[in-house]
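**Q** This is what each chain is made of:
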Amino acid sequence: MASVQFSNLAKSYGDTPIVKEINLDIDHGEFIVLLGPSGCGKSTTLRMLAGLESISGGDIYIGEELVNDLHPIERNIAMVFQSYALYPHMTVEQNIGFSLENLKVEKAERIKLVTNVAEMLELTPLLDRKPKDLSGGQRQRVAMGRAMVRSPEVFLFDEPLSNLDAKLRGQMRKEIKAMHKKVQTTVIYVTHDQVEAMTLADRIVILNEGKIEQIGTPKQIFDQPKNTFVAKFIGAPAMNIFNLSNPKIQHDFGVSMGEHNPVLLGIRPQYLYLNENEVKGVEKAAFVDVEVISSELLGASRHIKCKYQDQTLVVETASHDATVKGIVRLYFNNTQIHLFDENNNTITH
Amino acid sequence: MNSITSQSVPHKAPAKKGNFWLRKGNKIAPYFFISPFFIIFGVFGLFPLLFSLYLSFHYWEPAAGLAAMEWVGLENYIFAFQDDWFQKSIYNTGVIALKSGIPQHALAIPLAFFIHTSFTRWRNTVIGVYFIPYITSTVAISLVFTTLFSRDFGMVNQVLTSLGNFTIADMKVLSWIFPVENIDWTRPEYTKDMISFVVFWRYVGWNTVLYLSALQTIPRDLYEAAIIDGANRYQQFRYVTLPMLKPMAFFAVTLTIIGNLQLFEEPFIITGGTGGIDQAGKTAAMHMYITAFVESDFGTASAISWILFMIIAGLTWLNHKVLGGSNH
Ligand SMILES: Nc1ncnc2c1ncn2[C@@H]1O[C@H](COP(=O)(O)OP(=O)(O)OP(=O)(O)O)[C@@H](O)[C@H]1O
Ligand SMILES: [Mg+2]
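Same order as they appear, the protein sequences are chains A and B. The first sequence finishes on residue 349 if you use UniProt numbering, and the numbering steps up by one all the way, no holes. The second sequence finishes on residue 328 if you use UniProt numbering, and the numbering steps up by one all the way, no holes.
It is worth saying that the hints were derived from the structure and are not from the lab. Just so you know, even glycine gets a beta-carbon here, dropped at the ideal spot from N, CA and C. Treat the hints with care, as some may be off.
[Unchecked claim] Far from chain B, some chain A residues (derived; all Cβ distances over 10 angstroms):
no. : residue
1   : 20
2   : 58
3   : 65
4   : 83
5   : 88
6   : 99
7   : 146
8   : 202
9   : 245
10  : 299
11  : 300
12  : 341
13  : 342
[To be verified] Facing chain A, from chain B, some residues (calculated, C-beta under 7 angstroms):
no. : residue
14  : 222
15  : 227
16  : 243
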């Protein structure tokens, strides 16, 4: 177990900055998820921590130790790759035991450790198989076993579930969570899947174009996004955001253009309701009138796309609201709107 | 004009007796279109193959015409096996194949690994340099090497003897390892080495390119996983690179077996078509050529070619046992 600290961490390829001045303190035993759109530098950050990529600026500490120039093996980290990167010519047992062999762990001890890990991950009956004879989920578990067997200080995961189908992903998510509970090691987990981030993380770090946009618990990130990027990035469908230059919108949402001078307004599709009595927490619900354009069934819920003051707006409702057409009234709780200033930052009330 | 004709038979879509090739259900046209391959393969591939098999069981003086063929059963094969010169040529072929083949691969793999890991910008140029011998005419190569290895003025002898005669305080300090006098490379004990060296030199680049292409398909992730698992450079090579090269090694070694057992041009030119003193440089393919075109014994020559074929097939099978059976 160890804490991890990035201070002013930076990386550029040639003149192109990829990671810009990242500062982050990770407590030991914490499950941190790096979340961001494709190409924002998540993998690069993780690989710098692993020692697979040189750093262009700043420092990385694992525990108390500055690891900038340490070889990956000296950092005592383990990594699970998106492609799993299992050695195709080795059996499951050899795959898991390979690092121990390199570390010159005695054979008896090695077998014991591999057996334990295999037991924990239910890989025991598969120990003699080659990776090509395993299913996707089993390969994933072997990759995890390979990481776990060394009892590393920090676990790194780079989009480990993105090659699995949706159902298996859900199951592996639970297993990773359970594994973390059991071994209590610091985990840094890269993904661009918000469901994974929400369900796994103690804290989420939102990255965009090599910068940290927000750090917080899943709830904080969802309920109190710091800016429009986070607000739009988290939550599906994305938050509805309107420009407040239209006085009608100001009036409908009851926004006073006072001291903070808000420029944009946001409300989540989940917080707009077709029935007044669904609105909780206020005596009198506010409302807007909109025109239904189309609606989309997603099983348990339905997304209704509407036209509102020349802008589109999406509402998420229960799936049985199939008959809505024409002009409808949407109710909401006025405290559930977000206001942003001219720099796209959230105005806290 | 056409329109009138078609109006006169309005309901008969493509007339039955019309275009034979376009008629629906024509079962012959497709074969016509793929026939060039079969005709060419039949004439230049299958026919000579079967004819040489047929020939190997006959005695035939080609000048006397096809009618002069005489069935002799396995006699050609028995004769070939009992022929000292054939045995010797097989031995020569084997020695040259090993002496040129093993170093080829032993050098090509590390060389490919080195080029792969150490060059980025100049990689293609370096590969090109190594590849040039492969595309150069064998005759030119063999002539150049004959000159290099010539006794009195050859560069090889000049370098070796100058090293052997290297003196410090009147002592020829290197004379125990390098020769002090010109070596006659045409002597039988050197012939095979000389041929092997030329063959080795020529095909190293080819094998390097093969291995390099295989190296480029090894996912980078695997190396990174190995680095994180604490493997040093040698262990990465031993536990990631080598196993991943196995399928290509099988392919490359198979090509070497086939090529080396059919070795003809290099020994033919280096030994001036004679096989050298004491036949020391005569390969099986040369022996076959001489049997057919010098001694006009096409039956035995065909038998030899089929024996060679079986040896190649056997060795390839063995190679498959050792290196085949892929991981993927
Ligand atoms: N070797 C390199 N040379 C130049 N640019 C690179 C190199 N490696 C990565 N990049 C760039 O760095 C940026 C960040 O890459 P990175 O792999 O960290 O993205 P990511 O956040 O992991 O994205 P994804 O979710 O798609 O995996 C990308 O724009 C990429 O093009
Ligand atoms: Mg990535």
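**Q** All hints, please: hold or fail.
**A** Hints and how they fare:
1. No beta-carbon of chain B is positioned within 10 angstroms of the beta-carbon of residue 20 of chain A; the least distance is around 24 angstroms.
2. With 10 angstroms as the threshold on Cβ separation, the claim that residue 58 of chain A sits away from chain B holds: the shortest Cβ distance comes to roughly 22 angstroms.
3. Every C-beta of chain B lies more than 10 angstroms from that of residue 65 of chain A, the closest at about 17 angstroms, which supports listing it as non-interface.
4. The claim that residue 83 of chain A lies off the interface is violated: its Cβ sits roughly 5 angstroms from the closest Cβ of chain B, which falls inside the 10 angstroms cut-off.
5. Distance to chain B contradicts residue 88 of chain A as a non-interface residue, since its nearest Cβ pair spans about 5 angstroms, not more than 10 angstroms.
6. With a cut of 10 angstroms on Cβ distances, residue 99 of chain A falls inside the contact zone with chain B, its closest approach being about 4 angstroms.
7. Its beta-carbon lying about 7 angstroms from the closest one in chain B, residue 146 of chain A breaks the requirement of being farther than 10 angstroms from that chain.
8. For residue 202 of chain A, the requirement that its beta carbon stay farther than 10 angstroms from each beta carbon of chain B is met, with the minimum near 24 angstroms.
9. The claim that residue 245 of chain A lies off the interface holds: its Cβ sits roughly 50 angstroms from the closest Cβ of chain B, which is beyond the 10 angstroms cut-off.
10. Here residue 299 of chain A stays apart from chain B, with its beta-carbon at least about 36 angstroms from theirs, past the 10 angstroms limit.
11. Residue 300 of chain A, annotated as away from the interface, keeps every beta carbon of chain B farther than 10 angstroms; the closest lies near 38 angstroms.
12. Distance check for residue 341 of chain A against chain B: the nearest CB is about 43 angstroms away, which clears 10 angstroms, and the non-interface claim stands.
13. No beta-carbon of chain B comes within 10 angstroms of the beta-carbon of residue 342 of chain A; the shortest separation is about 44 angstroms.
14. Evaluation of the residue 222 of chain B hint against chain A yields a held restraint, the C-beta minimum of about 5 angstroms falling below 7 angstroms.
15. Checking residue 227 of chain B against chain A by beta carbon gives a least distance of about 5 angstroms; that is within 7 angstroms, so the hint holds.
16. Of the supplied interface hints, the one on residue 243 of chain B holds, with its beta-carbon coming within about 4 angstroms of a beta-carbon of chain A, less than 7 angstroms.
Going through the hint list in order, the structure does not satisfy hints 4, 5, 6, 7.
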